[in-house]
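Now for the letters of each chain:
Protein chains: 2
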Amino acid sequence: MSANGEDRLLRWLRGRLVTPLIGDDAAILPSLGAVAVTVDSQIAGVHFPPDLAEADLARRLLAVNLSDLAAMGAIPAYAFLALSAAPGFDHKKFFLSFLAAGRRYGLTLAGGDLARHPGGTIATLTLIGTKDEDARWLQRRGAEPGHALWLGGTVGESAAGRLLIERGARLAGSRVDLPAFCQAFSSPLRAAARRAVRRHLRPQPQLALGRWLGAQPATSATIAAMDVSDGVARDLHRLCHESGVGAEIAAEALPFTASFTTLCAALGADPLELALAGGEDYVLIFTLPPELAPPPELGGRRIGAITRRGLFIVRDGARRELSNAGWDHLSDGKK
Amino acid sequence: MSANGEDRLLRWLRGRLVTPLIGDDAAILPSLGAVAVTVDSQIAGVHFPPDLAEADLARRLLAVNLSDLAAMGAIPAYAFLALSAAPGFDHKKFFLSFLAAGRRYGLTLAGGDLARHPGGTIATLTLIGTKDEDARWLQRRGAEPGHALWLGGTVGESAAGRLLIERGARLAGSRVDLPAFCQAFSSPLRAAARRAVRRHLRPQPQLALGRWLGAQPATSATIAAMDVSDGVARDLHRLCHESGVGAEIAAEALPFTASFTTLCAALGADPLELALAGGEDYVLIFTLPPELAPPPELGGRRIGAITRRGLFIVRDGARRELSNAGWDHLSDGKK
Numbered sequence: 032m033s034a035n036g037e038d039r040l041l042r043w044l045r046g047r048l049v050t051p052l053i054g055d056d057a058a059i060l061p062s063l064g065a066v067a068v069t070v071d072s073q074i075a076g077v078h079f080p081p082d083l084a085e086a087d088l089a090r091r092l093l094a095v096n097l098s099d100l101a102a103m104g105a106i107p108a109y110a111f112l113a114l115s116a117a118p119g120f121d122h123k124k125f126f127l128s129f130l131a132a133g134r135r136y137g138l139t140l141a142g143g144d145l146a147r148h149p150g151g152t153i154a155t156l157t158l159i160g161t162k163d164e165d166a167r168w169l170q171r172r173g174a175e176p177g178h179a180l181w182l183g184g185t186v187g188e189s190a191a192g193r194l195l196i197e198r199g200a201r202l203a204g205s206r207v208d209l210p211a212f213c214q215a216f217s218s219p220l221r222a223a224a225r226r227a228v229r230r231h232l233r234p235q236p237q238l239a240l241g242r243w244l245g246a247q248p249a250t251s252a253t254i255a256a257m258d259v260s261d262g263v264a265r266d267l268h269r270l271c272h273e274s275g276v277g278a279e280i281a282a283e284a285l286p287f288t289a290s291f292t293t294l295c296a297a298l299g300a301d302p303l304e305l306a307l308a309g310g311e312d313y314v315l316i317f318t319l320p321p322e323l324a325p326p327p328e329l330g331g332r333r334i335g336a337i338t339r340r341g342l343f344i345v346r347d348g349a350r351r352e353l354s355n356a357g358w359d360h361l362s363d364g365k366k
Numbered sequence: 032m033s034a035n036g037e038d039r040l041l042r043w044l045r046g047r048l049v050t051p052l053i054g055d056d057a058a059i060l061p062s063l064g065a066v067a068v069t070v071d072s073q074i075a076g077v078h079f080p081p082d083l084a085e086a087d088l089a090r091r092l093l094a095v096n097l098s099d100l101a102a103m104g105a106i107p108a109y110a111f112l113a114l115s116a117a118p119g120f121d122h123k124k125f126f127l128s129f130l131a132a133g134r135r136y137g138l139t140l141a142g143g144d145l146a147r148h149p150g151g152t153i154a155t156l157t158l159i160g161t162k163d164e165d166a167r168w169l170q171r172r173g174a175e176p177g178h179a180l181w182l183g184g185t186v187g188e189s190a191a192g193r194l195l196i197e198r199g200a201r202l203a204g205s206r207v208d209l210p211a212f213c214q215a216f217s218s219p220l221r222a223a224a225r226r227a228v229r230r231h232l233r234p235q236p237q238l239a240l241g242r243w244l245g246a247q248p249a250t251s252a253t254i255a256a257m258d259v260s261d262g263v264a265r266d267l268h269r270l271c272h273e274s275g276v277g278a279e280i281a282a283e284a285l286p287f288t289a290s291f292t293t294l295c296a297a298l299g300a301d302p303l304e305l306a307l308a309g310g311e312d313y314v315l316i317f318t319l320p321p322e323l324a325p326p327p328e329l330g331g332r333r334i335g336a337i338t339r340r341g342l343f344i345v346r347d348g349a350r351r352e353l354s355n356a357g358w359d360h361l362s363d364g365k366k
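Top to bottom, those sequences are chains A and B. The opening position of the first sequence corresponds to residue 32 in this note's numbering, with each subsequent residue numbered one higher. The opening position of the second sequence corresponds to residue 32 in this note's numbering, with each subsequent residue numbered one higher.
One or more hints might be untrue.
Identical chains share a label here; the pair holds if one copy fits it or two copies do between them.
[Claimed, not checked] Simulated crosslink set (SDA-like; lysine to any residue; CA at most 20 Å straight-line): (1) 124 x 41; (2) 124 x 40; (3) 124 x 38.
Just so you know, the hints here were simulated from the structure itself, not pulled from any lab data.
Put together the whole structure using the sequences plus the hints.
Right under this line is the structure:
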């Protein structure tokens with residue numbers, strides 16, 4: 032398994048910790064009862080375009096972090112916000128959007144830290160989640176050979192949206208302004224491009240799916256779950272590493288949104304590359320015993336199976352090793 | 032009371048929150064039992080010099096946040112770190128120092144988020160604290176007219192250290208390198224200058240004092256407490272605002288370290304200005320009924336009394352209004 036900067040550093044770090052807590056999307060704090068905690072930052076120019084509207088930054092920040100709670104099967108409870116804002120940042124627009132979105136998810140903003148930062152806006156959000164008494168926490172370990180591998184929704188679309196944003200697409204309120212080269216697109220293709228931009232900037236955390244998974248009786252089967260933030264390939268490597276198993280996925284089973292492959296062709300991008308390594312999909316990837324399936328309205332799609340070892344992808348009948356390729360926030364190299 | 036950017040924004044924000052949780056150094060989460068949570072960021076170029084060694088940044092980040100837990104009377108339990116590191120940042124040096132310092136305070140690093148940030152290092156730390164079952168949480172409200180006002184330690188020295196750093200002083204391991212103009216200083220004055228730099232970069236959170244205050248029976252007296260991060264003047268205004276009271280302090284009672292006034296003279300700074308508005312002292316400011324005093328080894332000093340309204344300072348027999356002047360992370364104006 033080709034390691035990368037972030038995973039290598041985390042492994043080094045875990046060797047030095049008294050309690051091996053780091054490794055899931057959120058941490059479960061044993062001495063505090065049923066509490067999961069997650070922390071994530073959104074950095075201007077790294078995770079979002081510096082000119083993203085304050086209201087959209089607030090929504091994206093919340094969604095990305097709520098996705099980590101969804102991956103644990105947690106119920107959102109409290110938010111703590113550290114906001115280091117660039118000059119000219121409109122705090123009121125940010126907070127009105129943040130509070131409105133938080134209310135929809137049952138989140139209470141309970142504290143934080145406000146500062147100026149001439150070098151660009153950075154927002155770090157800490158979320159605390161709880162769970163129902165008889166529910167289980169979801170973790171990355173727990174995948175078993177013979178179990179099915181699932182994705183909670185489509186992948187690759189967010190990365191296509193990022194490509195469009197890099198080439199000039201912008202969100203203006205609820206409208207998406209596409210760059211000039213998209214004028215040559217057909218009307219359905221322009222709609223697909225707009226959807227991709229929205230998907231990138233306004234991901235939808237799969238909290239209902241996470242709670243359904245967490246509500247499955249722990250006695251009947253183990254379940255492994257995490258959210259896809261760095262691409263299916265990299266995150267599946269992580270899940271398999273934590274569970275000590277392998278996996279095989281079928282390229283044909285990867286769920287794409289309508290017109291996704293046509294959009295990729297128009298953008299000069301490989302749909303499978305975006306789906307496997309694009310990242311920021313914020314759907315859940317999880318394992319279930321073969322006899323179990325989530326309710327269809329929660330959007331799950333079976334993409335493969337857990338095996339004893341090795342990660343493989345089958346495409347057009349050929350079985351190839353699935354490399355650990357995805358967005359790495361720490362490595363300098365290309366993806 | 033002359034409002035400033037941060038306080039104004041927080042008041043606006045509090046008017047929009049369902050639960051009025053924001054306002055203390057840490058938040059107490061009612062539904063989670065005895066848990067206090069605090070979040071604070073350290074930003075290169077804003078809170079620390081960009082060339083500060085990774086090990087020193089780790090210690091300062093922890094100390095500043097632990098001071099918020101001290102202000103609540105909390106016992107440190109878990110840490111979550113979001114680290115957005117500038118190119119060339121040595122993560123291992125940072126984490127070795129962070130973990131060693133955390134161990135001393137009983138902290139477990141339980142999770143976090145690592146990212147690169149070309150614009151400079153920003154570290155955001157979320158700390159979760161607990162308390163003994165029969166202890167109380169300390170809060171900013173609870174100050175009563177007639178009660179004594181205390182400081183947990185000396186003030187102004189950290190701001191003198193910041194002045195020295197701005198003029199070239201640096202920490203090199205445990206040694207402080209002073210800038211050339213300090214060669215004219217006497218040996219005790221150079222020692223005071225080195226102490227000031229260390230005090231600024233390595234504050235000592237007053238956890239023992241916080242726990243002593245929290246252990247006082249809640250039935251016998253109310254106590255108000257917070258930590259001095261933005262200067263005695265500004266933070267006392269906040270404490271009085273939360274408690275709905277006034278205060279009068281005696282300038283002569285403000286505790287200074289040895290040679291502090293001589294050091295201020297050498298730096299062309301007014302000791303009272305640094306003590307009242309310098310900030311980043313990370314000592315506790317608190318109120319106690321007149322008959323109660325902390326054990327001397329915890330370092331408390333009585334500096335005045337709580338009154339019904341108005342904030343005043345008495346100096347050389349003259350009584351003047353104490354303006355709300357301190358470091359404001361949000362206002363653009365000078366202090």
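Outcome of the hint check:
1. 124 x 41: Intra 36 Å, inter 14 Å, cutoff 20 Å: inter-copy only.
2. 124 x 40: Classified as between; 12 Å across copies, 37 Å inside a copy.
3. 124 x 38: between (36 Å within a copy, 17 Å between copies)
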